[in-house]
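*Asks:* Single-letter residue listing:
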Amino acid sequence: MSLETNMLTYPRRSRVDRALRGCTIVATAIAIVPLVLIITYVLIVGGAALNWDFFTQTYRPPVPAGIDPLTGLPIEGMEEGDPSQVQARGGVLHGIVGTLMVTLTALLFSLPIGILAGIFLAEYPDTPFNTFIRFCCDVLSGAPSIVIGVVGFTMIVRQTQTYSGIAGSIALIFLMVPTIARTTEEILKLVPNATREAAMAMGAPMWYSTLTVVVPTALTGIVTGALLAFARGAGETAPLLLTIQGNSNLSFNMLAPMAALPILTYKYIESPFPAENQLAWGTAFVLMMLVLGVNLLVRITTARIKR
Amino acid sequence: MARTTIVRVFAMALAVVTLLALVSSPAQAQSWAPRQVEASLKGSGATFPAPLYAAWIDTYKKVVPGVSISYQPVGSGQGIRDFVAYLTDFGGTDAAIAASRVQTEAPDALHIPMVIGAVVPTYNLPGITELRFNPEILAGIYLGAIRNWNDPRIAKANPNVRLPNLAITVVYRSDGSGTTAIWTDYLSKISTDWRNRVGSGTTVRWPVGVGAPGNPGVASTVKNTRGAIGYVEQVFATANRLPLPPVQNASGNFVAASLEATSAAADGVPIPANLVASITNSPNPNAYPIAGFTYILVRQNTYKDVTKAQALTDFLYWNLTEGTGAATRLGYAPLSASLRVRAIQALQSITVDGQRVFDGPAR
Amino acid sequence: MADVKAVPRITASSRWARRTRHGDVLFWLLTLFFALVIIGLVVMVGVVTYNGSVEARAAYGWTFLWGTDWNPVETDLYPVSFGAWPAIRGTLLSSLIALILAAPTGVAIGIFLSELCPLRLRQPLGFLVELLAAIPSVIYGLWGVAVFANWFNDWIANPIANTAGQFVPWLAGPVAVSRGLAITGTILAIMILPTVSAITRDVLQAVPNHQREAMLSLGATRWEVIWGAVVPYARAGIVGGIMLGLGRALGETMAATMLIGNSTRIEESIFLPATTAAALIASELPNSVSLIHESSLIALALALFGITLILNLIARYLVWQTARGPAGEKV
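Residue numbers (this note's numbering), protein chains in the order written: chain D, 1 to 307; chain A, 1 to 363; chain Y, 1 to 331.
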């Protein structure tokens with residue numbers, strides 16, 4: 001292209017360039033708007049529920065109107081029996097513990113499956129078998145979470161005759177593995193071959209170079225996949241309802257029913273009393289902060305590792 | 001001399017009577033108390049009574065500290081499923097196990113009614129809270145025959161209300177539920193058109209309208225949509241300050257869903273031996289016409305653990321007798337006295353290895 | 001006679017040792033094993049849904065897929081009948097709307113975050129977008145009902161219905177309460193945005209700089225560098241991200257159940273209540289009325305897997321047709 005023709009078209013191209021770059025900024029703004037709205041709404045509606053008790057206690061039943069929550073005796077002068085005045089109390093400590101245990105266990109199993117499968121898809125020659133595995137990933141990621149819940153219920157809960165935390169973890173594996181595997185594969189494919197060749201030239205066997213050179217290069221992308229999977233797993237209600245069912249008390253036993261934050265959100269939303277509905281929003285806020293916290297932690301750690 | 005004798009006799013009689021009274025009164029003042037056993041009970045099921053069960057469980061912990069009870073609100077259907085699969089010790093359900101399924105899946109299931117729930121057709125009309133409905137209006141709206149709030153049929157039942165020209169948005173439950181079962185059961189009774197076209201059940205094919213999941217879903221959809229009408233359990237309407245319109249019952253009276261009117265729905269309806277009955281459109285003139293029991297499912301003779309069965313029956317008995325105060329304070333209608341006695345008799349029929357488990361009185 | 005050195009005997013074990021001494025075979029077996037685990041997961045889901053849908057498949061066969069009647073309760077006028085088309089149609093349309101809205105936006109956000117964003121803002125903005133993924137789906141549904149639906153009703157649904165809706169039947173109103181394909185598709189779009197944009201961002205960041213430098217040396221504007229050199233290089237990865245987002249949209253349960261309106265009638269307009277496969281299964285499965293009802297719902301899940309497969313096939317074919325680029329051409 002001669003300099004002259006280039007210069008002639010430049011103004012138009014420059015305008016197009018600025019316009020489309022502006023579009024990307026607008027797109028980002030569009031994404032931020034609902035985020036801010038939702039978080040603000042959750043804070044406003046559920047904010048009143050967030051107090052010290054909320055984070056340190058487990059489930060307590062609601063207090064009817066006109067009853068002193070501490071003594072259980074009627075309060076003088078207050079009318080009893082008005083359901084709109086029912087007060088809620090208690091907290092979600094058991095939910096926090098349950099969500100962390102169940103989701104992190106699921107992640108513990110999903111990470112090796114997903115990453116190693118991703119390595120298989122990316123590092124070895126492509127065959128129809130690989131395409132078939134990619135299909136399987138996409139089918140799994142498109143499965144309605146209720147169906148995954150039914151699978152977990154039929155295969156594990158029915159067989160072991162009890163709801164359990166480990167059943168919930170296994171159900172979440174179905175949802176987490178496709179994300180991790182596909183993301184790992186895509187990121188690994190973009191690592192330039194020169195990197196692999198350089199490692200090979202040093203005499204490293206393929207497995208060594210993959211694990212110590214290629215994967216760390218792609219670490220950020222793999223971590224994104226893992227965090228997306230964690231966020232999805234932590235926020236799902238239907239599979240957990242059918243596998244861990246819920247527990248009103250604090251429990252660290254993965255072989256028995258456990259509580260989890262999405263289940264608590266569901267339980268509080270289903271309650272007729274507005275005070276308990278408010279707790280649901282508080283629970284949702286705690287869940288979001290939990291996922292964000294894990295996000296932050298992992299990103300900081302990988303940034304340290306890379307340095 | 002005769003007077004002294006009379007006085008002596010009288011004094012002795014008094015003494016004897018007092019003595020008898022003193023001797024017999026401990027037996028009478030000796031009321032039944034739950035046995036102090038150690039057990040762990042698991043239950044799951046309906047979400048409607050869940051806050052009440054939670055309150056009962058919390059208070060019962062102080063009465064019998066050795067018994068730990070857990071109830072998870074996962075929905076009536078899942079509750080039945082868990083109970084039938086022996087995953088739980090007791091189940092909670094608003095809709096009884098279908099007769100066709102009882103024989104094949106749970107021949108040993110006993111339905112114990114605990115409280116009565118009322119279903120109210122609440123609505124959202126700005127500025128209007130005094131609307132009342134008769135069966136014709138409700139069936140017409142839900143069949144799609146009445147589409148606007150200023151329809152003459154609604155105006156006729158509400159002569160003092162200025163109805164706006166506003167399209168009616170019908171809201172129904174999208175998830176199968178006992179509330180839907182009660183509502184469609186009522187509509188089937190009062191409208192042959194409904195019975196022929198839609199029928200009754202936990203899930204039906206609705207001719208018109210929009211679906212929302214759960215009582216809170218319907219309540220919030222109605223709250224956020226002008227001109228909407230939807231059916232919810234009464235406690236949801238009261239707690240969210242939605243109107244509870246009076247509905248014309250089978251005797252022609254317009255009755256609103258108060259706790260007394262709801263409890264009255266069970267009176268006058270013949271309740272069979274298994275305590276499973278439909279109490280909609282009750283003949284009782286004081287009754288609210290759209291009501292139904294919420295049951296706890298227990299096993300009649302297949303419990304293996306005697307202590308568990310004892311703990312469970314004591315807990316249920318305590319709820320039925322001492323727990324009515326908590327029920328009314330939270331907005332649930334308790335059973336009438338006669339029905340309570342029958343429920344306790346059902347508890348008494350529970351056996352383990354042929355031995356009766358419950359030893360309390362049926363009062 | 002020359003000293004004959006002892007020749008080491010070649011045994012089976014020494015042959016094995018030679019072959020595996022670099023560990024490569026073992027590594028291949030290991031990764032293959034985990035890839036097979038994924039297939040195993042799908043097989044498990046397939047087996048459970050296949051077994052659970054036996055009655056429905058026997059009763060309806062393939063006609064299940066295009067049946068339009070979904071009636072769980074037998075009445076005098078209408079027999080029990082289960083046809084999956086309302087649910088399948090709803091799933092396809094709501095996911096299509098979500099894709100149309102989210103794919104360009106997500107890719108644009110990914111481009112912005114990886115190519116155009118000032119360095120200092122990159123981490124925080126990236127975080128914010130990922131925070132969208134942290135919001136549980138039940139909250140999307142609740143917020144949608146409490147806040148978004150009314151706004152959507154007043155500012156999008158009714159204006160469109162009153163103008164374009166007069167001519168185009170699938171945009172027709174009037175809309176009293178916003179429940180249906182349009183609003184569900186919009187919320188789904190918001191939900192899959194973080195997936196598409198985060199993966200796009202990472203994939204674009206991995207494109208080597210020599211691509212950009214080569215394009216710049218030809219005199220390209222910044223946008224031409226991105227669109228002409230960076231994005232095509234990463235095309236497969238971007239499509240992969242969009243596929244994952246599509247998968248999420250197809251299977252989304254909680255938010256869809258609250259916003260779709262749950263009506264098994266087929267309406268032309270996208271602003272009127274409808275249903276999706278995931279919403280229908282989630283609504284009716286826990287309290288199913290009869291065995292054939294439950295079986296039909298599981299058959300619907302099976303149908304949904306088939307749809308996912310077909311949609312993926314179509315997408316891959318389209319991408320394969322439009323370009324065979326550099327690295328990553330196998331989608």
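Honestly, I wouldn't trust all of these hints.
Rough simulated footprint, nothing fancy, chain Y against chain D, three-plus residues with beta-carbon under 8 Å [to be verified]:
hint	segment
1	93-106
2	144-154
3	160-166
4	233-244
5	247-260
6	263-275
Note that these hints are calculated values from the structure, not bench results. Model, not experiment: these values are computed from the prediction. Built from N, CA and C at the ideal position, the CB exists for glycine as well.
*Asks:* Run every hint past the structure and note whether it holds.
*Replies:* Evaluated hints:
1. 93-106: violated (count 0)
2. 144-154: Satisfied; 8 residues make the cut.
3. 160-166: Contact hint for the segment 160-166 of chain D vs chain Y: violated, 0 residues under 8 Å.
4. 233-244: Coverage by chain Y holds here, the residue count being 5 at a Cβ distance below 8 Å.
5. 247-260: Three-residue rule not met by the segment 247-260 of chain D, so violated; n is 0.
6. 263-275: Since 3 is at least three, the answer is holds.
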